Amino acid sequence: MVLAVPAALAGGLAVWLLAGLSARNSTLPRWITTFGRVVGVAQLFAFYSLPMMLLPLWTLIAALGMRSSSAGKGPEPSTTAPARR
Amino acid sequence: MAIIPSPGAARAAGVAFAMSFTLAVTVGLGDLLGAFADAGNSFPAYFDHRPERLRHAAGAYLLAGSGLVFAIFIAQSLALDRGAGPAGRGVSALVASGTFAALLGLAAAALSTVSRASGSERSRVIQASRSRSTSFPSLATWC
Numbered sequence: 001m002v003l004a005v006p007a008a009l010a011g012g013l014a015v016w017l018l019a020g021l022s023a024r025n026s027t028l029p030r031w032i033t034t035f036g037r038v039v040g041v042a043q044l045f046a047f048y049s050l051p052m053m054l055l056p057l058w059t060l061i062a063a064l065g066m067r068s069s070s071a072g073k074g075p076e077p078s079t080t081a082p083a084r085r
Numbered sequence: 001m002a003i004i005p006s007p008g009a010a011r012a013a014g015v016a017f018a019m020s021f022t023l024a025v026t027v028g029l030g031d032l033l034g035a036f037a038d039a040g041n042s043f044p045a046y047f048d049h050r051p052e053r054l055r056h057a058a059g060a061y062l063l064a065g066s067g068l069v070f071a072i073f074i075a076q077s078l079a080l081d082r083g084a085g086p087a088g089r090g091v092s093a094l095v096a097s098g099t100f101a102a103l104l105g106l107a108a109a110a111l112s113t114v115s116r117a118s119g120s121e122r123s124r125v126i127q128a129s130r131s132r133s134t135s136f137p138s139l140a141t142w143c
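Residue numbers (our numbering), protein chains in the order written: chain A, 1 to 85; chain B, 1 to 143.
Honestly, the hints are just simulated from the structure, not real lab data.
Incorrect hints may appear among the rest.
Unchecked claim - Quick list of simulated restraints, FRET-style, between CB atoms:
no. : chain 1 : residue 1 : chain 2 : residue 2 : range
1   : B       : A12       : A       : R30       : 48 to 54 angstroms
2   : B       : G40       : A       : L64       : 23 to 29 angstroms
3   : A       : S49       : B       : A109      : 40 to 46 angstroms
4   : A       : R24       : B       : R50       : 18 to 24 angstroms
5   : A       : L50       : B       : E52       : 24 to 30 angstroms
6   : A       : W31       : B       : S42       : 22 to 28 angstroms
7   : B       : A109      : A       : S26       : 24 to 30 angstroms
8   : B       : A110      : A       : S26       : 39 to 45 angstroms
9   : A       : L57       : B       : R82       : 38 to 44 angstroms
10  : A       : N25       : B       : L106      : 30 to 36 angstroms
11  : A       : L50       : B       : A39       : 21 to 27 angstroms
12  : A       : Y48       : B       : P5        : 33 to 39 angstroms
Note that the structure is a prediction, hence the values are computed from the model and not measured.
No residue lacks a Cβ here, since even glycine has one placed at the ideal position from N, Cα and C.
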């Protein structure tokens with residue numbers, strides 16, 4: 001407990017900062033970044049040990065959500081052929 | 001050292017952290033986390049079983065490894081978000097994730113010490129009682 005609470009605070013700070021940066025770059029969906037900020041603030045109550053379990057949950061959601069957002073960020077392929085003259 | 005941004009690496013690190021941390025806290029070290037209210041003399045009997053000690057050792061490795069994987073996840077995600085915001089925030093997130101990894105490593109060492117020390121204490125007591133009965137006479141004999 002003595003080590004878990006500072007660890008949760010450090011992890012919550014990292015998640016909060018990463019969620020803020022991802023919101024600017026739209027690497028993650030908006031609801032995941034909002035959830036990340038909530039998880040970061042929830043680590044202030046880590047002595048109840050339940051908020052700490054939100055860290056792996058958010059990380060899992062962010063890791064899986066990163067795939068869909070990055071897949072949609074590439075250049076769109078052209079589907080129409082150039083017109084011949 | 002430059003980090004090559006890769007969504008696949010960030011995704012793998014995030015999933016690995018979620019799995020290893022959850023397994024370590026529940027299956028590996030869950031009984032130790034809830035053992036603060038137990039009496040002290042209940043520990044040696046409980047930790048005298050070899051499978052329990054092996055499970056706690058594996059849980060400690062998982063917990064320490066999960067912190068390192070979390071730091072890798074943060075670093076990879078920040079590499080993907082490069083240029084999105086102030087550089088100070090990225091450095092702060094890296095430092096915070098490194099602190100998280102270091103504290104999880106310390107917590108893993110502390111929790112596994114309970115298991116290792118309790119088993120060693122019981123073995124030491126048994127060994128001391130055996131050697132007392134076979135080698136030198138006790139102090140009561142001399143007095």
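Here is what the structure says about each hint:
Taking 48 to 54 angstroms as the suggested C-beta distance range, the pair A12(B) and R30(A) does not conform, at roughly 24 angstroms. Roughly 44 angstroms separates the CB atoms of G40(B) and L64(A), a value that falls outside the hinted 23 to 29 angstroms. Between S49(A) and A109(B) the C-beta distance comes to about 19 angstroms, which lies outside the given range of 40 to 46 angstroms. Checked against the hint of 18 to 24 angstroms, the C-beta distance between R24(A) and R50(B) comes to roughly 52 angstroms, which is inconsistent with it.
In this structure the hint that L50(A) and E52(B) lie 24 to 30 angstroms apart at CB holds, the actual value being about 25 angstroms. Separated by about 46 angstroms at the C-beta atoms, W31(A) and S42(B) break the suggested range of 22 to 28 angstroms. Against the hinted window of 24 to 30 angstroms, the Cβ-Cβ separation of A109(B) and S26(A) comes to about 40 angstroms, which falls outside the hint. Look at A110(B) against S26(A): about 40 angstroms separates their beta carbons, and that is inside 39 to 45 angstroms.
Distance hint check for L57(A) and R82(B): the Cβ-Cβ separation is about 26 angstroms, which falls outside the suggested range of 38 to 44 angstroms. Roughly 33 angstroms separates the CB atoms of N25(A) and L106(B), a value that falls within the hinted 30 to 36 angstroms. The hint said 21 to 27 angstroms for the Cβ distance between L50(A) and A39(B), and at roughly 26 angstroms that hint holds. Checking the proposed 33 to 39 angstroms range against Y48(A) and P5(B) shows it holds: the Cβ atoms sit about 36 angstroms from each other.
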